[in-house]
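Student: Chain residues, written in single-letter form:
Number of protein chains: 2
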Amino acid sequence: MKRLYFLAALLLMAFAAQAQQAIFERRDTRSPQFNDDGTVTLRVKAPDAQKVSVIGDCIENGHADLTQQDGVWSYTTGVLAPELYNYRFYVDGAEVQDAGNIERSRDVRSFMSIFIVSKEEGDRGYLYQNHNVEHGDVAHVWYDSPALGMKRRMSIYTPPGYDQGKAYPVLYLLHGAGGDEEAWLTLGRTAQIMDNLIALGKAKPMIVVMPNGNASDDAGPLESGLKQKGQPKTSYEESFPDIMNYVKSHYKIKKGADNTALCGLSMGGGHTFRISMQNAGTFGYMGLFSAAVRLEWNTRKSLEEQFADHPEAAEQMKKLFAAKPHLYWIAIGKDDFLFQQNVELRQYLDKMQYPYEYYENEGGHIWRNWRIYLSMFAQRLF
Amino acid sequence: MKRLYFLAALLLMAFAAQAQQAIFERRDTRSPQFNDDGTVTLRVKAPDAQKVSVIGDCIENGHADLTQQDGVWSYTTGVLAPELYNYRFYVDGAEVQDAGNIERSRDVRSFMSIFIVSKEEGDRGYLYQNHNVEHGDVAHVWYDSPALGMKRRMSIYTPPGYDQGKAYPVLYLLHGAGGDEEAWLTLGRTAQIMDNLIALGKAKPMIVVMPNGNASDDAGPLESGLKQKGQPKTSYEESFPDIMNYVKSHYKIKKGADNTALCGLSMGGGHTFRISMQNAGTFGYMGLFSAAVRLEWNTRKSLEEQFADHPEAAEQMKKLFAAKPHLYWIAIGKDDFLFQQNVELRQYLDKMQYPYEYYENEGGHIWRNWRIYLSMFAQRLF
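Chains as they are written, first to last, in our numbering: chain H, 1 to 382; chain R, 383 to 764.
Extracted from the complex, chain H is given alone in its bound form (with noise of 0.2 Å):
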C-alpha cells in the first residue's frame, strides 16, 4: 500500500504539473546556460524584437547588443570568475528579466535576474550558493518598539543546532538607504554565507539580527500595512534598545561585549557608526561597510572639524574605545562615493591614536563589495 500511494503520487505529480495553470506554459528558453568553457549563455525569446540588448555585472564594459536566431537572442559572456552576476534585458526599449530563470533579486524597486558561478569549495560564487550543510532557521518577527511607537518588522538568523539549547554571540547586520529587513537576506545572501562558513568552520555558530532601519516604517514596502508614513518619534539610533531588548527577551544570547557585534552598509554604516558611539562597551566588534560617516549633514567640515563641533560625540568616541573593542572594522571600494568620508573617518581615528583595521578593494557602492564584506567580517567574530 505504501509504495501504491508512492506512485500514485508520483504520478498525481506528473499530471497535476501538466494541468495546473502555470505549468501550461513551456520554457524551452534555456537560459542562464554554463558553459564547459567558463562562459556563460543568456537567451530571451523575443521573436518580433527589432532589438534587445543586456545589462549587468557580467556582460562585458556593463551593457551588450545581443543576436538573433529562429526568434531567440543570445549573449556569452566572457569567462566569469567566481561570483554572484547579475543582468537585465531590455526588448525594444522595454525592461525584461530572464524567463528561465527563476533567480531575481529585488534592489528598492529594480530587479534583476541574478546567477551565481563557483569553481571550488569556498571560493565566493560557493559561499553565496545553497549546499547540501547544516542549515540555520530564518525567521520573520515583529517586535515592539516604544521608542518609535509601533510594532516592526525583522529577521532574524538562527545558526544550525540553535534549537538544542545552547546560548549563542549575536551579529547585528544593517541594511542601506532605500533597503528594508529582507535587503541583507536576499541583496546580502546573508543565510548561505553564514550557512557555509560556519560549515566550513571558518565562522562561528551566531545568531543574525537584520532589522529594518528606517525610522518610519514598520516593514518593508511588501510587507507593510502602514497607510501613512509619518515623522518619526525618534531617530532609529535612539530605537535601537528596543531591537537589543526583544532579542534579549526572546532568544538565548551569549551577553556581553566579547559576545555582541554591529556592522551595517552605507546609511548602516552611519548607524553602526553611531550606535556604537552612543552605547559604549556593549559591541565587541563593529564593521563599517562603505559607510556614511558624519555627524552633521549640512556642513562641509571634515569629520574632525564635526567632532571638534560636538565634544559630546568625541566623548562617546572615546568611551567606546577606552571599553577596548576587538575590532573596529572599516571596509570600502576605491571608486564609492562615500570613500572621502572614510578617509576623514581613518584621520580622525589615527589621530586619536584609536585601534582600527581597514580593507580596501575594488569597485564603489555595490551589494557585490557588501557581501564581500560580510564574508570576510563575520569570520573575525566571536
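Just so you know, the hints here were simulated from the structure itself, not pulled from any lab data. Every clue listed holds true.
No farther apart than 25 Å at their CA atoms in a straight line, the calculated lysine to aspartate or glutamate pairs in the DMTMM-like style are these:
#	chain 1	residue 1	chain 2	residue 2
1	R	K733	R	E697
2	H	K45	R	D430
3	R	K548	H	D137
4	R	K609	H	D36
5	R	K548	H	D163
6	R	K427	H	D48
7	R	K533	H	E121
8	H	K229	R	E503
9	H	K229	R	E516
10	R	K637	H	D163
11	R	K609	H	D37
12	R	K609	H	D137
13	H	K166	R	D526
14	H	K51	R	D430
15	H	K227	R	E516
16	R	K634	H	D144
17	H	K227	R	D519
18	H	K227	R	D505
19	R	K609	H	E121
20	H	K227	R	E503
21	H	K252	R	D526
22	R	K533	H	E134
23	R	K427	H	E103
24	R	K637	R	D519
25	R	K634	H	D137
26	R	K636	H	D137
27	H	K45	R	D439
28	H	K151	R	E516
29	R	K548	H	D242
30	R	K609	H	E83
31	R	K611	H	E103
32	R	K615	H	E134
33	H	K227	R	E485
34	R	K433	H	D70
35	H	K227	R	D419
36	H	K166	R	D624
37	H	K51	R	D452
38	H	K252	R	D519
39	R	K611	H	D137
Since this is a predicted model, take the numbers as computed values, not measurements.
Please build the complex by placing chain R on the supplied structure of chain H, with the hints as guidance.
Tutor: Then chain R, alone, in the frame of chain H:
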C-alpha cells in the same frame, strides 16, 4: 544631538538614494494606477516596440493589446471587484513583468505581476492585503525527517501574542504539485489572511505549518542544496509524523484532534485525504481543496471500486469517521479538472454515510480559489 542625527539620517537617505546603484534608474511609468471609477490602468515603457499585449485575470477575456503614446503603452481594465489580480505583458513576443510594480509572485517557474483591489474592510481583497493590525511571525525552519533521511525546510506562521507563552491549535497547510514551502505564503497570502481574520475576530489564533510536500527534495528550488534529487526513501505521507513531531517539540501547541487541522490543495488535497486516513483520530478538521483523491493512479476504476480493491483503506476511512471529526470539508471549482474525482469522493462518503460539507464555486484549478478556500476553512476551525 538626537535631532541632529535624525536630520542627518534623513538627508543621508535622500542623498544615498540618489547614489545607490539601483536608484539611479528613474521609474516614471506609473503602473498599476488605481482610478476613481474602479478601473486600473497598466502601463509599460517600450518606446521601440511594434506590439505590446497583456494577459491576466484582470483583463477582459484574459488578453488584450495595449495602445501607445510617447513610448508608453497602456491598458485600462474594466471595473474590478475586490480580489487579488495578476497580469503579464508581452513586448514584441518577449515576456515582461511590470517594471513599475514591485509586487510579483512566482508560480513554479512563472512570474506574474500582481495587485489587490479592496473596497471595504473584510472583503476578499482586504483579507489578502497588509494592514496595520497585529501581525504573526513567520519562520523558515529545517526539521529532521528520519523517514526521508534528510533535513527539510518548512514555513511556520505563529499568531500575534504567541510569544506570551500560551499554547495554540495547529493547522497543517499543504501545497500542490510544483509548489513548495513558500507557495502558501506567496501565492496563498496565508500570513495576511490569518492576521486579518484574527484581527477581525473571524478566526481563532492558530499556528499554521506549511511543509514542503515533495518527498525527493529538501526545499523549494531557491533554497535547496541538493545536487541530485534521488528516489525518496518513503512516501511523503509516511514521513508526515516527522513534521508533527518537530512541531510538537519546538512549539507550544494545544494537543488532540480538537486542536489539530489538516488541509491542502490539489496534490496537497490528496496528501490530506491519505494522511488523515492513515492517522484516524489525529485531525479534528480536514479540508480538501481541489483535491486529487485516488487510491490508485493507473486505473479507470471509480473511487468506490478502488476502495473495494483496498479494504485496508476502506477500514482506515471507517476509523477516521468513527473518531467523529468536527469537519470534513471538500471544496472545488466547477471547471476544475479534478471535479469528477471529487464527485466520486462525495458519492463514496454519501454511500458510507460519512458526514462532510461541500463547497462549490466558479473557476478551475487556480490560486484564486485556494485563497478563498483557506479564508473560509480557517473560519471554521477550533
